[in-house]
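*Asks:* The residues making up each chain are set out below.
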Amino acid sequence: MKLHTISINNLKRRKAKMAFLTVGLTVGIATIVTLVTLTRSMSGDIERKMDEFGANILVTPQSNGLSMNYGGISLGGVTFDQREIREDDLAKIKTITNHKNISAIAPKVLGGIKVAGHDVLLVGVDFDSELKMKQWWKIFGDAPKGDHEVLLGSDASKVLNASFGENITIKGETFKVAGVLDQTGSQDDALVFASLPKAQKLLGKEGRITLAEVAALCSGCPIGDMVTQIAEKLPDAKVSAIQQVVEGRLKALDQFKRFSYAMAGVVVFIGSLIVFVTMMGSVNERTVEIGVFRAIGFRKSHIMRIILLEAALVSLLAGLLGYAVGMGGAKLALPFMAESKNAHLVWDTTVAFGSIGLALLLGLLASLYPALHASKMDPTEALRAL
Amino acid sequence: MALIELHSIKKQYSSGDDVVEALRGVDISIEAGEFITIMGQSGSGKSTLLSVLGGMNHPTSGDVEMAGVKLYQLPGEKLADFRAQNLGFVFQSFHLISYLTAIENVMLPLAIVRMTSVAKRSAARTALERVGLGTKLDRLPNQLSGGEQERVAIARAIVNNPHILLADEPTGNLDSRTSEEVMALFRELNDAGQTVVMVTHNPDNGRYADRTITLKDGLVL
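Going line by line, the protein sequences match chains A and B.
All residue numbers for the first sequence refer to the working numbering, where the first residue is 1023 and numbers rise by one.
All residue numbers for the second sequence refer to the working numbering, where the first residue is 92 and numbers rise by one.
Bound conformation, chain A alone:
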């Protein structure tokens, strides 16, 4: 017979109450585990998608000009000493120190042309890298496969009155419209996309490009470093990070994280209240029992140890169950919450030990006052109750 025998036997006897306490704390811990794991998994998923598919570095020709463009409305600009990027130079991008972080390079050549009496902007692209980078594109028809196939933006298709499967004529050459883009709400809607070599030829810019978009994996590398490295390799180009895209997405994630932590805080508070109320009720129910303990010579510290040990055992169980249930919940919820269907669930030992530690801390803190209250009970009260 030791003090822990009393705690364990009491837990066994008050199964319903202790189950309620365990469930209350388990729900709290499970919610926290689910939210934290979901946040981490979604962050990882969004970062991965952002890294893989979104251009975050822009390579444009160096010029001493100022753009006069705002919100898609261009008022022209003053440009002089315009230089160009040679297509061959793009290979140098793959020689930078952080070349392993580059997932795609999408070169583009731009130029105005006349099609069926309309002025349109022709964009020559490498369709493989372009489609990899612009996963959100939805094409009615097919992606162009050869030099005599083009892809039309939705507005361009309407203006040119050409749908997929039909032909258009550019500079006397006939091109098949392989596909039409669904409305994107961006400048892509007004463009005519052709293969890079063909566009270069049509625009008289063989071997040259207007700009290149680079998608870099930025989780393991500072994007600023990569910008510098590329700029060193291409001194005639202006290399800039598309900070808005990165920061915008990170801000959205940050907001979700903050929401999760706020939710977790509320749940922790409710969980603590459940533990407090249950332990307080348990102590009050056991007034006579505690009085008897005190009468036969138990010190205040002995009473506290009995109560806190009970709380610790329940909390430990709740922590383990909470982690298991929480991870299960996260696994079930992740497909509905994440952007991609193959988002990975993050299994983190910090979350595992953290949830058990948090359960213990919560259980013990919330039981501290009830334990103190119990230890201060006057044994005379127990005798009076007889």
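I should point out that these hints are in silico values taken from the structure, not numbers from a laboratory.
All C-beta atoms, glycine included, are put in the ideal place defined by N, C-alpha and C.
Accuracy of the hints is not assured; some may be wrong.
Said to hold, decoys possible - Label pairs and their in silico Cβ distance ranges:
#	chain 1	residue 1	chain 2	residue 2	range
1	A	F1358	B	G167	57 to 63 Å
2	B	H149	A	K1024	26 to 32 Å
3	A	I1292	B	D109	42 to 48 Å
4	B	R230	A	L1295	36 to 42 Å
5	B	R230	A	L1338	27 to 33 Å
Fit chain B to the given chain A structure using the hints.
*Replies:* For chain B alone, coordinates are given in the frame of chain A:
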């Protein structure tokens, strides 16, 4: 020198503006090995006297000296230690812990004592055999009769070989036949050298005691 000496014990309780004098200057001396019954009508101060004797109720004034130790001058938790080492309690409603078996209930006072588990179990078994319950060690309280529960409570009170056994109306919840058996058991323990101080309202129990102290309105008659 007597084993227990109470000098001018007064105990007052405040209830709103009223002050109730439960004990109004009690002087008692009890020798080692005595069997004392404390009798009196309800409200005479019997239970208050027992709780003061048991080191659980600070008197308003006066001293309680037990085996040369002034109880209420012990610092901090030393009074709890004193109770654990020197006193045994038997309560009116037995107050066994419902989730512990008979032997576990008896081992309860030993839970805070440095002894091996085997020694604790052996001491508890011996105490239960002394009260005639050697065959019901692993029964839960609700599997025992009232008389058997009383015996377990007595075994729990004597397991640590206390100097004094204090009992508060131990037969109050028992039928007359079981009461007789329990009182005979107290007598038997006293014959073996155990000092017993028992509060009772049953005059028949007085015949088992060496001496009866009668209280009336907080004073010894």
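*Asks:* Work down the list of hints and note, for each, if the structure agrees.
*Replies:* Hint check results:
1. F1358(A) / G167(B): 57 to 63 Å: 60 Å, holds
2. H149(B) / K1024(A): 26 to 32 Å: 31 Å, holds
3. I1292(A) / D109(B): 42 to 48 Å: 44 Å, holds
4. R230(B) / L1295(A): 36 to 42 Å: 39 Å, holds
5. R230(B) / L1338(A): 27 to 33 Å: Because 31 Å falls inside the window, the suggested range holds.
Of the hints listed earlier, there is not a single one the structure fails to meet.
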